[in-house]
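Using the hints provided, position chain B relative to the given structure of chain A.
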Amino acid sequence: MRLTVNGVTHEIESGPLTPLLDVLREELGVTGTKAGCHQGGCGACTVLVDGEPKRSCLLPAAYAEDAEITTAEGIGTREGLAPIQQAFIHHYAAQCGFCTSGMMLAAQAYIDRGGSDDPEAIQEALGGHVCRCTGYSKIIDAVAAVARGDSFDLTTTAVGKYTTMATGGEA
Amino acid sequence: MKVVGARIPRYDGVAHVTGRTTYVDDVRVPGTLWAKALRSPHHHAGITRLDTSRAESMPGVHAVITWKDVPLLALGHLAALGIPADEPLLARDEVRYKGEPIALVAAESEQLAAAAVDAIEIGFDERPALFDLRQAFDPDAPQIHPWGNWYPFFGTVESSLDAGADAHGVVERPPQHIRMDRRQIRKGDIDWAFANADTIVQGVYRPAAIEHAPLETQVCQVVPEPDGRLTIYSCTQALYFSLGVVAAHLKVPLNRLKLVGGTTGGGFGGKVDTATETMGSLLALKSGRPVKWRWTREEEFLCSSTRAPWHMEIATAVTKDGWILGQKMLTLHDSGAYARFSPYGLTKHSFHHTGAYSIPNLQFDGYVVFTNRVPTTAMRGFGVTSVSFAVETHMSRIADLLGLDPIEIRLKNANRIGDTSPNGVAYMDPSTVSTLQTIAEAIGQELPAEYRTMTNEPRAGDLLPEHLVAQIGSTEGH
Numbered sequence: 001m002r003l004t005v006n007g008v009t010h011e012i013e014s015g016p017l018t019p020l021l022d023v024l025r026e027e028l029g030v031t032g033t034k035a036g037c038h039q040g041g042c043g044a045c046t047v048l049v050d051g052e053p054k055r056s057c058l059l060p061a062a063y064a065e066d067a068e069i070t071t072a073e074g075i076g077t078r079e080g081l082a083p084i085q086q087a088f089i090h091h092y093a094a095q096c097g098f099c100t101s102g103m104m105l106a107a108q109a110y111i112d113r114g115g116s117d118d119p120e121a122i123q124e125a126l127g128g129h130v131c132r133c134t135g136y137s138k139i140i141d142a143v144a145a146v147a148r149g150d151s152f153d154l155t156t157t158a159v160g161k162y163t164t165m166a167t168g169g170e171a
Numbered sequence: 001m002k003v004v005g006a007r008i009p010r011y012d013g014v015a016h017v018t019g020r021t022t023y024v025d026d027v028r029v030p031g032t033l034w035a036k037a038l039r040s041p042h043h044h045a046g047i048t049r050l051d052t053s054r055a056e057s058m059p060g061v062h063a064v065i066t067w068k069d070v071p072l073l074a075l076g077h078l079a080a081l082g083i084p085a086d087e088p089l090l091a092r093d094e095v096r097y098k099g100e101p102i103a104l105v106a107a108e109s110e111q112l113a114a115a116a117v118d119a120i121e122i123g124f125d126e127r128p129a130l131f132d133l134r135q136a137f138d139p140d141a142p143q144i145h146p147w148g149n150w151y152p153f154f155g156t157v158e159s160s161l162d163a164g165a166d167a168h169g170v171v172e173r174p175p176q177h178i179r180m181d182r183r184q185i186r187k188g189d190i191d192w193a194f195a196n197a198d199t200i201v202q203g204v205y206r207p208a209a210i211e212h213a214p215l216e217t218q219v220c221q222v223v224p225e226p227d228g229r230l231t232i233y234s235c236t237q238a239l240y241f242s243l244g245v246v247a248a249h250l251k252v253p254l255n256r257l258k259l260v261g262g263t264t265g266g267g268f269g270g271k272v273d274t275a276t277e278t279m280g281s282l283l284a285l286k287s288g289r290p291v292k293w294r295w296t297r298e299e300e301f302l303c304s305s306t307r308a309p310w311h312m313e314i315a316t317a318v319t320k321d322g323w324i325l326g327q328k329m330l331t332l333h334d335s336g337a338y339a340r341f342s343p344y345g346l347t348k349h350s351f352h353h354t355g356a357y358s359i360p361n362l363q364f365d366g367y368v369v370f371t372n373r374v375p376t377t378a379m380r381g382f383g384v385t386s387v388s389f390a391v392e393t394h395m396s397r398i399a400d401l402l403g404l405d406p407i408e409i410r411l412k413n414a415n416r417i418g419d420t421s422p423n424g425v426a427y428m429d430p431s432t433v434s435t436l437q438t439i440a441e442a443i444g445q446e447l448p449a450e451y452r453t454m455t456n457e458p459r460a461g462d463l464l465p466e467h468l469v470a471q472i473g474s475t476e477g478h
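Protein chains in written order, with the numbering used here: chain A, 1 to 171; chain B, 1 to 478.
Just so you know, these hints were derived from the structure itself, not from any lab. Treat the hints with care, as some may be off.
Residues on chain B that point at chain A, a partial pick, calculated with CB under 10 Å [as the list claims (entries may be wrong)]:
#, residue
1, R7
2, P9
3, V14
4, Y23
5, V27
6, H212
7, E216
8, R256
9, K258
10, R294
Note that CB positions come from ideal geometry on N, CA and C, so glycine has one too.
So that you can see chain A by itself, here it is in the shape it has in the complex (with noise of 0.2 Å):
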């Protein structure tokens, strides 16, 4: 079996059955993939599989098989971060971080279906995906400026009178 992750082929040693997600962490030792339950029931190891979010824990290996497996490592490129990456710092939708990859890519596949700024949508495509930090308002404001297509300058993420020297601005 042979699977393509973020680009990458590689020939695969565990079984076509062993959840994906086992392969990913255990197999391949890419662990931005998140293990919050095992029985799919929070979201948090959430992939693209073809565009599709997919929650990594319940689905066969070999369901992917000939398919592009994207993870929160592979969202971006080498040289800059996604419109979605650079929103969820800049509206700080990441607090623990935990649930951050699935919900992230969930959001990525609802932005390229063509997803609106309307938050009752973005809460319907999130649906599911658990975060027991930010309350999703964040998370939620974060999706809907990708939405929007707004820009994300972050080291200007300072708003106001008074800028930070970790912000680049003045002291």
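Chain B in isolation, oriented as in the chain A frame:
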């Protein structure tokens, strides 16, 4: 002022969105064994038999630990305050909650470890279990804890730490010279308050347990180093608690342990108690191999600590124009099967039990009650959130019953500078008045001038009736 008002990028933001944050479960150590626990299937039972020989002889099983493997079996979370221990790291004679760990296995794979747990032979003698803290407080309730059904060590404990402890550090009977089995507060003249009240308003408030449910379940990775030290990767919120707890159970100096932490996949208080590191360390020492112990989601829900259930009975003496003359309160705090930090939570609760309001005459009794539920622990302001729920609900009921406005009655009784807390500390900077005025503005409620112009400054004039004079404290010297 570089920070106030600024939007500062998270230092870990880029790592989070690129999947490069290394949580404990992401640490990769070659040769790591998987740990699994044998947990109690009963809420309360005696252990009549425990035989691990079959599990130990299974190929691929490298260590099995029971209570016999723990150098110091019981360690009190409040030992530094002179409180003896009640919770063994691994159950010895008795289990007091469903999910209590009894034995652990380290094996080549998660599946093999689970199979080895199934191969442990164990017998139980089931005993009556209690799940409701009010029932557990009844005098004729079955006794479920060696200390009785509530915690007996408030106030002065004059006996030595190890009084009554056996060779394994388990205390089967309380030390001598116990003075208080409750957190008790008496302020002012409660009889005067109830004799002079127009109405007594009563209520019972019972917030339930809440599971923290972090996305990352409890997990540790322990690596035995060639020099005999242990490297412990921990998801704890309290790294130095864990350092001390592991060292104490193992009876080793702190410099034998290197804890690596700071990256927590959600905690909310549920990762304050040391849940995995000690048992993971014992398995790593016994097997001589790196060990990972990651709880399943089911274990997280069934066996991890929760926010406590509470039972709060309040009787408030009020006048018809909305002054609160006095209040009696009985609080029961469900500790679950063992004490852990609950006495600390109840102490906070007692100091805050009037909420944001000034009540001059008080009678408060609070107990930490044991039940056969999972031990309860910290969760975002534990001890105080329960009071906020009860007090605010009760204040609105008082307003309803007296036909007064719920914000105005709160403003009238709001803590002011110089008012004293239940335990007699003068408030330096209370913000109740300004907070309530902001709330009124936010909901579009126009307050009468006398309430709109109130400040947090010390009481005077109409807002300092005779019954409040005696409780005013001095803020000098703070």
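Okay, the hints, checked on the actual structure:
1. R7: holds (5 Å)
2. P9: It holds, given that the least Cβ distance between B:P9 and chain A is near 5 Å, below 10 Å.
3. V14: Holds. Min distance 7 Å.
4. Y23: holds (7 Å)
5. V27: At 9 Å from the nearest chain A Cβ, B:V27 passes the 10 Å test, so the hint holds.
6. H212: holds (7 Å)
7. E216: The hint holds - B:E216 has a Cβ within 10 Å of chain A, the shortest such distance being about 5 Å.
8. R256: Since chain A brings no Cβ nearer than about 29 Å to B:R256, farther than 10 Å, the hint is violated.
9. K258: Since the shortest Cβ distance to chain A is 22 Å, the answer is violated.
10. R294: holds (8 Å)
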